[in-house]
Amino acid sequence: FDVYQSLPVGMLRAVFIHFMISEVHPFDDGNGRLARIMLNVELVSQDQYKLIIPIVHRDSYLNGLRTSTRRGSFRAMVKVLHQMQCYTASLDWNEYGEVKTAIQKHAADKEPDEGIPVFNKVIAKLGGQYPAG
Numbered sequence: 007f008d009v010y011q012s013l014p015v016g017m018l019r020a021v022f023i024h025f026m027i028s029e030v031h032p033f034d035d036g037n038g039r040l041a042r043i044m045l046n047v048e049l050v051s052q053d054q055y056k057l058i059i060p061i062v063h064r065d066s067y068l069n070g071l072r073t074s075t076r077r078g079s080f081r082a083m084v085k086v087l088h089q090m091q092c093y094t095a096s097l098d099w100n101e102y103g104e105v106k107t108a109i110q111k112h113a114a115d116k117e118p119d120e121g122i123p124v125f126n127k128v129i130a131k132l133g134g135q136y137p138a139g
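Numbering-wise (the working numbering), the sequence shown opens with residue 7 and increments by one.
Be careful, since some hints might not be right.
Here are the computed lysine-lysine pairs in the DSS-like style, where the Cα-Cα straight-line distance is at most 30 angstroms [as the list claims (entries may be wrong)]:
#, residue 1, residue 2
1, Lys85, Lys111
2, Lys85, Lys116
3, Lys116, Lys127
Honestly, the hints are just simulated from the structure, not real lab data.
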């Protein structure tokens, strides 16, 4: 808890709490959902955009978590979470129909094999620089 409190509020704390819940796995079921909820709680507490992990990007998200666990490298996980925050922020959540249409247009509701080419073009336009390592 001391490490958590020493981190800057917002995304860094959100990534930390998400990783800790995923890594420690305190419950028999629901750890991933709880990790994503706590990540979003931290973001919302700082008036930052929540993030969603669409079906199309689930494999990238899980690979980022695995790399963090196995290699101690958080670059992939932070990149995915940042991209998904940018994507979520790019949608107009005031109208359900418009969000649903956008998600379908971006292939975010597709399995990775089918939707990644379209979805990656969408998130590439949202920006973000990620240094190697």
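Consistency of the hints with the structure:
1. Lys85 - Lys111: Given pair Lys85, Lys111 holds - Cα atoms ~23 angstroms apart, limit 30 angstroms.
2. Lys85 - Lys116: This hinted pair holds, its Cα atoms lying about 21 angstroms apart.
3. Lys116 - Lys127: Within the cut-off at roughly 14 angstroms; holds.
In this structure, none of the earlier numbered hints is contradicted; all agree with it.
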